[in-house]
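**Q** From first to last, the protein sequence lines are chains A and B. 159 is the number that the numbering used here gives to position 159 of the first sequence; each next residue is one higher, with no gaps. 68 is the number that the numbering used here gives to position 68 of the second sequence; each next residue is one higher, with no gaps.
Hints are computed from structural coordinates only; laboratory data are not their basis. Bear in mind that the values here come from a model prediction, so they are computed numbers and not experimental data. A portion of the hints provided could be inaccurate.
No farther apart than 30 Å at their CA atoms in a straight line, the calculated lysine-lysine pairs in the DSSO-like style are these [said to hold, decoys possible]:
{"no.": "1", "chain 1": "A", "residue 1": "Lys66", "chain 2": "B", "residue 2": "Lys66"}
{"no.": "2", "chain 1": "A", "residue 1": "Lys136", "chain 2": "A", "residue 2": "Lys66"}
{"no.": "3", "chain 1": "B", "residue 1": "Lys66", "chain 2": "A", "residue 2": "Lys123"}
{"no.": "4", "chain 1": "A", "residue 1": "Lys136", "chain 2": "A", "residue 2": "Lys123"}
{"no.": "5", "chain 1": "B", "residue 1": "Lys122", "chain 2": "A", "residue 2": "Lys136"}
{"no.": "6", "chain 1": "B", "residue 1": "Lys66", "chain 2": "B", "residue 2": "Lys122"}
{"no.": "7", "chain 1": "A", "residue 1": "Lys123", "chain 2": "A", "residue 2": "Lys66"}
{"no.": "8", "chain 1": "B", "residue 1": "Lys138", "chain 2": "B", "residue 2": "Lys66"}
{"no.": "9", "chain 1": "B", "residue 1": "Lys122", "chain 2": "A", "residue 2": "Lys123"}
{"no.": "10", "chain 1": "B", "residue 1": "Lys138", "chain 2": "B", "residue 2": "Lys122"}
{"no.": "11", "chain 1": "A", "residue 1": "Lys136", "chain 2": "B", "residue 2": "Lys66"}
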Amino acid sequence: MEFDFGCIEPVGFVCSVELSSVGLWLTGGTGNFMAYPITLSAHGLGMMTVMGVVIAFNLRILGFAKGISISAYDRLLMIGWAGFMLNLVSGLLLLTGYFSTYIFQGAFQLKIALIVLGGILMKVIMNGVRSGRDEKVTMLLSVACLASWTGAIITGRLMAYLQ
Amino acid sequence: MEFLQPTFDWLGASWLGVASRDVSWIFVAAETAHFIGLSILFGSLLVIDLRVVGFARFINMQAAMKFIPIAIVGFAINLLSGITFIASNPERYGPNIAFQWKMGLVLIAGLNALWFWFGEHKELSQLADGEDAEFRAKVIAGVSLIIWVVVIILGRFMPFVE
Chain A
1 MEFDFGCIEP VGFVCSVELS SVGLWLTGGT GNFMAYPITL SAHGLGMMTV
51 MGVVIAFNLR ILGFAKGISI SAYDRLLMIG WAGFMLNLVS GLLLLTGYFS
101 TYIFQGAFQL KIALIVLGGI LMKVIMNGVR SGRDEKVTML LSVACLASWT
151 GAIITGRLMA YLQ
Chain B
1 MEFLQPTFDW LGASWLGVAS RDVSWIFVAA ETAHFIGLSI LFGSLLVIDL
51 RVVGFARFIN MQAAMKFIPI AIVGFAINLL SGITFIASNP ERYGPNIAFQ
101 WKMGLVLIAG LNALWFWFGE HKELSQLADG EDAEFRAKVI AGVSLIIWVV
151 VIILGRFMPF VE
């Protein structure tokens, strides 16, 4: 296992974050080499949960499994939120540890933008369902929502390759 | 997993193995597909299993069952992308302890799914909205969720236990 330390000294904001106690803990700088794989696994689990719920929800919006009433998805969306919180925390930890690598990286910036867009679209779709908006518009938004979250996964994977 | 090594080697020598080593984006694309496939599978299982366990009791059971083919699509994507990983580097996966556990659990999850389909599916389809499933069915659904969570974690651990 190789660790790619972008920063050598905690000079400047970016390197101060990366070499903070939290950053060093994540990258194994404090001798805890399980911190990174455990945080990464949590991030993977949260991602599957969020994306899983997003897919199941949007398939219903697009007309699949119509027998499920959309209000019955409430509990499922709660699980999706739990996955999102897990990924917010694990994602911030991962970002802290590799701050100089990721903060300026286009793939990372695009990923965050797509997550924000995907999250807003989920909310807009749900609001549209509740207020009885034209179904065609909601379905179009749903396709955009799925595309946005898929893009987040693609850019997230590319983060490991486009250093 | 030595008994599978000849199969892995054969995959590695096949056109898929050659292509996945020569074309730089194939492995990355397979990884991305593996993530999306697992999301499709896991999301479908969340709908079905959370309903059966009783956490999302108001999901219509018969409609939830429509997610079974979607789960199978997700699994098929992951089977194909997974085979691509092995073909790209046949020596890498067999000896990996996380891979071995992961494959064992996927097998158990498959048997569990067969039991769900042949043993519980018919009875469950008749549940009314909000009605509790039988304890036996809840155990099967709970086991399915736990196994897939562990599979996700083991998959992420594979590069760290080489």
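**Q** What are the numbers of the hints the structure violates, in ascending order?
**A** 5, 9
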